[in-house]
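Those sequence lines, one after another, are chains A and B. Here the first sequence stands for residues 1 to 192, numbered as in this note's numbering. Here the second sequence stands for residues 1 to 588, numbered as in this note's numbering.
Hints are computed from structural coordinates only; laboratory data are not their basis. No residue lacks a Cβ here, since even glycine has one placed at the ideal position from N, Cα and C. Be careful, since some hints might not be right.
Derived CB-CB ranges, DEER-like [to be verified]: (1) B/D216 - A/S184: 25 to 35 Å; (2) A/P151 - B/A568: 54 to 64 Å; (3) B/G288 - A/M1: 33 to 43 Å; (4) B/D216 - A/P93: 16 to 26 Å; (5) B/A446 - A/P115: 39 to 49 Å; (6) A/N97 - B/L416: 24 to 34 Å; (7) B/V79 - A/V29: 23 to 33 Å.
Chain A residues, not near chain B, derived (Cβ > 12 Å throughout) [unchecked claim]: (8) A145; (9) P151; (10) E152.
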Amino acid sequence: MFQQLRTATMVLLVLTVLLGGIYPLVVTVIVQVVFPNQANGSLVRIASRTVGSDLIGQPFSKPGYFWGRLSATGPVPYNAAASTGSNFGPMHPDLKNAAEARIAALGVTESRPVPIPVDLVTASGSGLDPHISPAAAEYQVPRIAAARKMPEDLVRKLVQEHTEGRQFGMLGEPRVHVLRLNLSLDQQQTTK
Amino acid sequence: MTTSGLLQLGLYFAVLLACVRPLGRYMAKVYSGPAPYLERSLGPVERWLYRLCGIAPATEMTWKQYANAVLAFSVVSFVTVYIFQRVQGVLPLNTERLSAVSADSAFNTAISFTTNTNWQGYGGETTMSYLTQMAALTVQNFVSAAAGMAVLIALIRGFIRHSTDTIGNFWVDLIRGTLYILLPLSLVLAVVLVSQGVVQTFDSYREVALLEPAIDAEGHAVTTQRVAVGPAASQIAIKQLGTNGGGFFNVNSAHPLENPTPLANFLELLAILLIPAALCCTFGEMVGDRRQGWAILAAMMVIFVPLLVVTTVVEQAGNPVLTHIGVDRVPSEFQSGGNMEGKETRFGIVNSSLWAVATTAASNGSVNSMHDSFTPLGGLGAMWLMQLGEVVFGGVGSGLYGMLVFAIVAVFLSGLMVGRTPEYLGKKIGAFEMKMASLAILFPCATVLVGTAVAVTAPAGRETIFNSGPHGFSEVLYAFSSAANNNGSAFAGLGANTPFYNGLLGLAMLLGRFCVMLPVLAIAGSLAAKKTVPAGPGTLPTHTTLFVVLLVAVVMVVGALSFFPALALGPIIEHLQLPTTNAGDTSL
């Protein structure tokens, strides 16, 4: 057994150097050369200012911005240094409360008879989801248009520009990138 | 189910099954001779490793020596991972100045990663330094997987050898599996994942501006967002391939920097089942009868596919509680609908359901959605797949050796029915093999049920349950099902980072790993010593549909009888408590 422990220690030591040192280093060197933007967090820069990560959602609550998914992170929503989901079971009272609060918030600024898309009243798994469904974006178009005094068709056109289909027409779900859409809304008004 | 959903599932199975044969044959060659393509370039490295560690690769081990080597390696690994976490505060590559992990959490995590469970009581980005993630956790992701594969190969040698007392050399199997199978696949997958947006950097967390400042609980304006990054891709690749499942970030593959796009999701999903499925083919190759491998794979698929369909359908049907307050959960071209709590928009219902079923069928345990927020029946499917003993694909190596234990039980049962000594692959199954097989099946079952019972009766166990009622019971049952079967996924509402759960779940993981692995090695040793008997007219052929049905029945009956009462207290009651949907609102 002593002999085995000695061998085990040596094997682990050598494999730690190989798998815990050399392997991640080699991957890092390759991707920092080939995909430097992605490897560093897909940061979005506008005029040398970093305005976000293309993959990480941000919190929005003003009526003039499109709102994303609910986020369960603390102490603020969309805290990208501590990801978490809500972990509410289907009958947890706060699941319903959170959905009702969001519905109320949506209702304050608009009176809509149509049912609200489910992704607009539920929290994402990561709390950092950068997307909403096209249905959830369409639902918010009248509010944005009213708040920004923009024609609805123009807002709809911007939504369409920031809608991604399924990858290769097949994988995943169609989705709207909330941060990019909101950035383009701001840009639209400053250039007008 | 939607057309797009069916297409995506179809594509997944097509690609998975297309990979099984080439990878399976390749792995068979790695363990029984020179590895194709890579032996020339990696051979010198391999021989250098043997010299450095004082290993004589030609020396064979008895099953007891083999078991000792596995245990010795696990002990050393446990101690190393524990120490890394406890002293990370003074070690380099700690950009966020994270302090030492608490003793009980470090204990739990060290067991978790050395047993290939990768249960996580901690949140990655708030707990572990880059060095701990790489040098402690990533390394265990590789070697705990390679150890599982080694034990499987030892069991296969038990079947194909005869009249000998040796079953191979653990160190050689461990190193060859790592070097020729896991490392090359991980390297490729890691680079491809980065192309999709997974991070791989040693820099500190990024500070970016918020477009609209947020207000925190104390009323202060928050104008920036700190984005956690790190050397993630290299760990995520092996986390998926080695059925480990321990995420770099807290929410695992739901995190956009761990699983950014549908393509990344597809590849990570593929990696979950790739090696466990291909090992069935490896098994067939090595025992010299490919049909034996296909029969086992068929049995796995027969259990997997119906549970996948059920989970997808119930998740797509959604949560009736929300329908009652005017929420639209009908799928269309404009939204995936369904039960979206805890799910990401880019994956939708189908990819979240497929992941949940694949990760619990295989003992992977990574998640791309929060299982705690699944509908009761969706959660039940995931829980039951773990409770079956992680034999439907299961862990790399461990899943198939678990399934072969069930195969031994199946031939024994059919032997009883016709009154003949049972044989499997030319070996007579005797009392010793049956005792060991029973131990390997009963230990995890007992650990799940006893552990759950202890936790729900102890105040310390009830204190950190998050959801109330039957769902709270499900959280505890899920935790022990996951730990004792070395899965690692969670109903994450349960506050498991307490001394009580860290200790008890740590123990469950140990029992679940070694109380299966050691009996399996004992079976391997006993079989290797036996003579091979030629198949006679009374031998039950084990490559036929009949045998597949028998095997599936044995797995399901053991799983159903052991766990139905416990499941009735959790997800089944919860399902019955859900409000009924209005007529005409069944949009599946």
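For each hint, the structure was consulted:
no. : hint                        : in the structure
1   : B/D216 - A/S184: 25 to 35 Å : holds (28 Å)
2   : A/P151 - B/A568: 54 to 64 Å : holds (58 Å)
3   : B/G288 - A/M1: 33 to 43 Å   : holds (35 Å)
4   : B/D216 - A/P93: 16 to 26 Å  : holds (24 Å)
5   : B/A446 - A/P115: 39 to 49 Å : holds (48 Å)
6   : A/N97 - B/L416: 24 to 34 Å  : violated (57 Å)
7   : B/V79 - A/V29: 23 to 33 Å   : holds (31 Å)
8   : A145                        : holds (18 Å)
9   : P151                        : holds (21 Å)
10  : E152                        : holds (17 Å)
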